[in-house]
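**Student:** Once you've looked at the hints, dock chain B against the given chain A.
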Amino acid sequence: MNATPNNSVNISRRTFIKATALVAGGLVIAFSIPHAKRFLMPGATTDAGKAGDKPLPTPNAFLRIGTDNTITVMLAHSEMGQSIWTTLPMLIAEELDADWSKIKVEHASAAPEYAHTAYGIQITGGSSTTWSEFDRYRQAGALTRALLVSAAAQQLGVPVESIKTENGFAISGDKKISYGELAEAAAKLETPKTVTLKDPKDWKIIGKATKRLDGPEKINGTAVFGQDIQFDGLMTAMVVRSPVFGGTVKKFDASAAKKIKGVQQVVQVPTGVAVIADNYWAAKKGRDALKVDWDLGANASLDSKALFDGYRKMAATEGMVAAKAGDIKTAMPKAGKLVEAEYALPYLAHSPMEPLNCSVKIDKDACEIWTGTQMQTTDQQAAAKILGLKPEQVKIHTLFLGGGFGRRANPAADFVSEAVEVAKAAGVPVKTVWSREDDVKGGYYRPMYLHKAKIGLDANGSPVAWEHTTVGQSIMLGTPFEAFGIKDGIDNTSVEGTADSPYLKSIPNYQVSLHTTKTGVPVLWWRSVGHSHTAFVMESLIDELAHTAKKDPLEYRRALLKEHPRHLAALNLAAEKADWGKPLPKGVFRGIAVHESFGSYVAQVAEVSVNKGEVKVHRIVSAIDCGLAVNPDSLKAQMESAISFGLGAAMQSEITFKDGMVQQSNFHDYQVMRMGSMPKVEVYIVQSAEKMGGVGEPGLPPVAPAVTNAIFAATGKRIRTLPIGNQLA
Amino acid sequence: MITLNINGKEQQLDAPDDMPILWALRDVAHLTGTKFGCGMAQCGACTVHLDGHAIRSCITPISAAVGKKITTIEDIQNDTVGQAVQAAWSEIDVVQCGYCQSGQIMAATALLATNKKPTDADIDAAMNGNICRCGTYPRIRAAIHSAATKLA
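As you go down the protein sequences, you meet chains A and B in turn.
Reminder that position 229 of the first sequence reads as 229 in this note's numbering, one-by-one numbering, no gaps.
Reminder that position 47 of the second sequence reads as 1047 in this note's numbering, one-by-one numbering, no gaps.
Calculated from the structure, these hints are not laboratory results.
Backbone N, C-alpha and C define an ideal beta-carbon position, used for all residues, glycine too.
The calculated lysine-lysine pairs, modelled on DSBU-like cross-linking and capped at a C-alpha distance of 35 Å, are: (1) A/Lys261 x B/Lys1009; (2) A/Lys164 x A/Lys104; (3) B/Lys1068 x A/Lys259; (4) A/Lys204 x B/Lys1150; (5) B/Lys1116 x A/Lys211; (6) B/Lys1116 x A/Lys577; (7) B/Lys1150 x A/Lys104; (8) A/Lys211 x B/Lys1117; (9) B/Lys1069 x A/Lys259; (10) A/Lys258 x B/Lys1069; (11) A/Lys208 x B/Lys1150; (12) A/Lys261 x B/Lys1069; (13) A/Lys211 x B/Lys1150; (14) A/Lys251 x A/Lys305; (15) A/Lys284 x B/Lys1009.
Okay, the calculated beta carbon distance ranges per label pair: (16) A/Gly427 x B/Met1001: 28 to 34 Å; (17) A/Leu584 x B/Ser1063: 53 to 59 Å; (18) A/Asp659 x B/Asp1018: 30 to 36 Å; (19) B/Gln1011 x A/Glu392: 38 to 44 Å; (20) A/Gly613 x B/Asp1018: 40 to 46 Å; (21) B/Leu1050 x A/Leu234: 26 to 32 Å; (22) B/Asp1122 x A/Thr222: 27 to 33 Å; (23) B/Ala1121 x A/Asp659: 39 to 45 Å.
Next comes chain A alone, as it looks inside the complex (with noise of 0.2 Å):
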C-alpha cells in the first residue's frame, strides 16, 4: 500500500491549504488542496490562503463542514458506477474521524485545482481514481481533523494532546463538542504545517467493506443523471448526423419537420442538422420527417471484411518496433517447434445504459452545461472555444453517468461540443440527447486489431523466440493525449499487454511490432483500453503454446512468470478457489488466464460447456491483487461489472461496417451480457500491501481467453475470433 511508516506530511512545501469561512445556508469552512505543483495547468492558483479571506467560490472546496454538522465531500471524479461517490468520502471521513451518517456528496465543478494528480486534467480513467486521491482526500480529512482539534482544545482551555475525536466530535475528559459547533471556529485558525496520516492499523473504515452512499436515491428513481435535467426553457434536441463517418450535409429540406407538432427549430451544426423541440417525442417525429442530402465523403466503401484483409497483408510485414529482446530471426530457425496464430477482434461499443445527453445555457460572458461526463477539463476548453469564452467562463455541472466506460472521457469532446454548437445555432437552452441508434452508429469505438505471432519453442515446450505483429488504429493520435501517450510513432495503448508481457520478458528472443492504421472511423478507449484485446491474445497464445508442449496450462504459466510474484499469487488463489485439476460435472471445462492491467492483477477461471455449439459459462472464480481494497465490497462489484461487460463483448458484440455504414443500431443486433448468459461470479482478494492499483478495468482482460480457452478444453476448437457468437455451430 501507499502509506508509509512516516505519515507526517509537511504541508507547506506542498503549497496546499486554504481554510475559509463561507456562508452557504449557515456557516461552513471550506477547505482548498491543489494538486501537487508540478502537474498544475496554467492558470490554477496555488497562493496558501490566509484566515479571514474572503469567501472562497465553491470550486475550491474538497469538503465543507456545515453548523448542522453535516460533511460535503466535493469529488473531483465523477460518479460513473464505480462508487467513487463511496470510497473518497471513506478517505475522508477516516481521518476526519467523522460521523458516517452525516456525510454528503456532490461532483466538483470543473476547475484546475480538481485536476488529476497524475494526469494534470479533471478525468476520471485508466482505472485511476482511488490511488490518484489516495493520499490528496487522506490529507484533506487530516488537516479538517487538526484545525477542529485546535477550535476545540482553545474553547475549552486545554492542551490540543488532550483532545481526541470520534463520530463526528472532539472529546476531551467529559466534554465533547460537535464538528458543526467547532467549524467557525476551526475555519479562522492558521492552517498548520504538517498533519499526521493515521497509522493503518487504527484505520477503521479504509479496508471495510461500506455500502453505496448514492444507493438510495438510485433505488427510489431520485437520482438526477444527464438525462434527467429539466428547466424552463430548455428544449430538446436531436441531431441527424452523416450515415457514414465524415460526411457532411449538402442541402436539407426541414418542411415536413417543421409540420410536426412541438417542433421549434430546424438549424445546421458541424456535425449535422438538428430539430428543437418542446420534448423527445416531438425532436424525434421531426427528425425522422427531415430530408437530407449527403456527401458521403472518402469513407462511404468502408467495408469491415476489406479492412480485416488489409490488416492482413499488412501482418505479413514487420511494423514499427514497439519492444524486442535477442534476436528472433536466428533463434526461430533452431526452435524445435513452431506455433502460428493470427487473431481478430472486432470494432465495440460502449454502450452505456444512458444514451449521450448534453445540456448547454449560453448566456452573455457565460455558458452553463449539465451532462455527465469523464473529463470536465477537455470539454470545458472545447465550450469556451466554440463560443469565444475563457474556460473558467464555462461552468460544467457533472451530474450522474448512467455507464461511463471510457465513451464519456472523449479528448474529442464530441457530445458536448455538438451540444454546444446546437444551443449557440438555436439561441435558446437546449438538451441535446442521443437515440439509442445514435450511441450505436455514433463511433468513437474500440479499434478493431489483428494480431499475428509465430513463436518457437525449445525441447521441453518452453518458448525461446516470440514475434508478435500487432495492426490497427491509435487511439490516442490526433488527441491532446499525443505527447503523453505515443513515443517513438508507437501508441502505447495499441501494445500495452503485448509489448510489456511479462511472458516475453522470460523469452530471450522477442519482438512487438506495430502497424498504425488510419481507417477513418473514430475510435476511443473501451474499458480497459489496449488489455481488451492483448490479454485476450496473450492468454490464448500461453494455453496455445502449453497445449502444444502437452502441459497443463496453470504449471505452464506459472514456470513462465515465476519471477512475476504478483501474478502467481492470483494465479494461484484463482486456481486454488476453483479447485484447479479436480473433476467437473460431466461436460463443463476449465480454462484460466491471468493479466496485469492498470496496476492489478487478475488472475480468473471460467467453467464452460458446450452444447450443440452453444457455448453456456457457469461460473468465473476472479482473484485480484490491487494492492489494499479500500472497499473491499465495491472492488468485488468491479470485478462482476468487468466480467459481464467483458464476457458479454466476447460472446456476442461486434460493430461491423458495409458500404461505409455501421450495420448495427440497437440493443437487439448490438448484443450484450443478459441475465440469462451471466455466470456465477466469485471474487477473491488476495491480501496485498504492494503499491495500489485500479479496479474498474482489471477484471475485464482476462475473461475472454479464460473462457474461449475453456472451449479449447471442451471442443478443441481454438477460438481466435471475437465474437465467439456461433463460430462452434
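**Tutor:** Then chain B, alone, in the frame of chain A:
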C-alpha cells in the same frame, strides 16, 4: 389533453395520443425516475406497471393507458412487494451507475407479485429483457431471492 392515472392521481397531460408513456412521464409529467435506454423495448430501462403488469413504456402509447393505472418507480415504495424489493436492493447494495435500476426494480416487483418464490430460471425469464451494462445481474438475482424470502 389526455387524462392518465399516474401513481394513483388523475392527471391531465397536453400530449399527442401516440406519445409513448415514457416521454409523457418524463417530459410532460416531469417524473424522471423512469429511464430512456433504447426506444424499442430491448433494454427494459423504461419499465413501469400498467394495472400492475410490467410494460415497456418506450413503445406503449399513452392512448393505451387511458382508464388504466400507471405505477412508476416514484410510487413503488407504497406497494408491499415494491418496498421489499427496494429493501433487498439496499441490503445487497445492487446498484452501480444506477441508470437501469428503476426498470430492474419495476420488473422484479412485477415478477414477485405473481411468483412468490421464483427459481433462477424464472428470474432469467422475467429479467432477461432488462439490460444492465454495469453487470449487476448476480446481485439483482440475489436481491430477488432475498425479497422473496422476506415476503414469504
